[in-house]
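Knowing the structure of chain A, use the given hints to seat chain B on it.
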Amino acid sequence: MTTTTITVTAEIRRFDPAQDAEPHYQQFQVTGMDNMRVLDVIRSVYENQAGDLAYQFACRIGRCGTCGVRVNGVPVLACQERCKPHMRIEPLTPFPVLRDLVIDRTEVEARYSELHLTPQRTQAYTGKAEAIEPALAEHLCHLDSCLACMVCVSACPAVAERPFDGPAFVLKLRHMAKHPADHGNRLQQAVDGGMLECFGCDLCTQLCPADLSPAQAIREFRKELVFGTGKES
Amino acid sequence: MSAAARLPRNTTRQTDVVQHGTIARILHRITGSVIVVFVLVHVVAQSVLQVPAFAAVKAGAPWLPVVQNQSWIHALLYFSIVFHTLYGLKLLLTELGVRIGYRVSVWAIVAVSALFGLREVLRYAGL
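As given, the protein sequences belong to chains A and B, one line each in that order. In this text, residue positions in the first sequence follow our numbering: the first is 1050, and each later residue adds one. In this text, residue positions in the second sequence follow our numbering: the first is 2, and each later residue adds one.
One chain only, chain A, in its complex shape (with noise of 0.2 Å):
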């Protein structure tokens, strides 16, 4: 088997509150196979030219979400994207930054937090098996693989633009809708999340890791808005 090399132009964008007055771009090369994914670079770098750059990753076979980064502007994990010749690298938007890459997701964890994500029972938990349907709960495990990655919400530009929260948010929300067991009203958490401001895009369905659709989630809210939601609260 023939393997061939590349070449890569990284520059990676540094910032270290402690020390830094404002961020700033260092341009590394990193040779290597040209499959290389952008934490391979990213993990060059950090072990042959810049032992202080901060990162994160976990799992590298895109389960975890960690590592999140925007390459060229675009949102992607990167231990799931292919490298290329020039790459500019940046920690994900529209959050605050820790150190270089690495961006605080505390808003996110406590976002997560308050929305109960949950089954809201109206009778406390019998503790006995319920079952659910075998399609709905292939469907409700295919919403579940969400990575919260915030891939969706660094590309969304809604989140920009508007008092959005963002598509990983509403789409959490939609696997509890769909929970036979939950009664929250989930629509009126969407609603009160900004889920209105969507443009409908589809750009987070595009750029989604998981493959999953939370701009269909937001067009099924926003049906239910219209329709009402058929489920008793």
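One thing to keep in mind: the hints can contain errors.
Covered stretches of chain A, as calculated for chain B (at least 3 residues, CB under 8 Å) [stated by the list, open to error]: (1) 1072-1078; (2) 1129-1139; (3) 1167-1179; (4) 1254-1262.
Part of the chain A face toward chain B, derived, beta carbon under 7 Å [what the hints assert, rightly or not]: (5) Val1120; (6) Asn1121; (7) Val1123; (8) Val1146; (9) Arg1268.
Calculated directly from the structure, the hints in this document are not laboratory data. No experiment lies behind these values; they were computed from the predicted model shown. Here a beta-carbon is modelled for each residue, glycine too, at the ideal position from N, C-alpha and C.
What follows is chain B alone, placed relative to chain A:
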């Protein structure tokens, strides 16, 4: 294998792909602006050309009828009206539950709109 058990794509080239949603959103915004500007300019221009009280202004603007007969302006206007209408309808239908693919729909709407624009160019060319 069920969708839930499948691993995500193991390789992405998201930085290379055409962002259909961005193109559609920007075109929708531009065409909407074109329509608004056209309506405003059209009202003023027709006033100048038709209202006797503006005869002096009309005499000072001999270029106005020439501008009004530019084929590319009509092509741009027709493209804008058709694109803005169809994309708006597409957004409405999808929110009412109709499944319409975001990739194909954008280019289909651009193609139909371009046909209307082209028709204007050909009409002015006498074809």
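Structure-based check of all given hints:
1. Coverage of the stretch 1072-1078 of chain A by chain B is violated. Counting CB-CB distances below 8 Å, 0 residues qualify, and the rule asks for three or more.
2. A count of 5 residues in the stretch 1129-1139 of chain A with a Cβ less than 8 Å from any Cβ of chain B is obtained; the coverage claim is therefore met, three being the minimum.
3. Restraint check on the stretch 1167-1179 of chain A versus chain B: 0 residues with Cβ-Cβ distances below 8 Å, three needed, restraint violated.
4. Here's how the stretch 1254-1262 of chain A fares: 6 of its residues keep a CB closer than 8 Å to some CB of chain B, so the rule of at least three is met and the hint holds.
5. Interface restraint check for valine 1120/A: the shortest CB-CB distance to chain B comes to about 5 Å, inside 7 Å, so the restraint holds.
6. Because the smallest distance between the Cβ of asparagine 1121/A and any Cβ of chain B comes to about 5 Å, under 7 Å, the interface hint for this residue holds.
7. Annotation: interface hint on valine 1123/A holds; nearest CB of chain B at approximately 5 Å, less than 7 Å.
8. For the restraint placing valine 1146/A at the interface with chain B, the shortest Cβ-Cβ distance is roughly 21 Å, beyond the 7 Å limit, so the hint is violated.
9. Hint status for arginine 1268/A: holds, given a least beta-carbon distance of 5 Å to chain B, under 7 Å.
The structure is inconsistent with the numbered hints 1, 3 and 8, although it conforms to all the rest.
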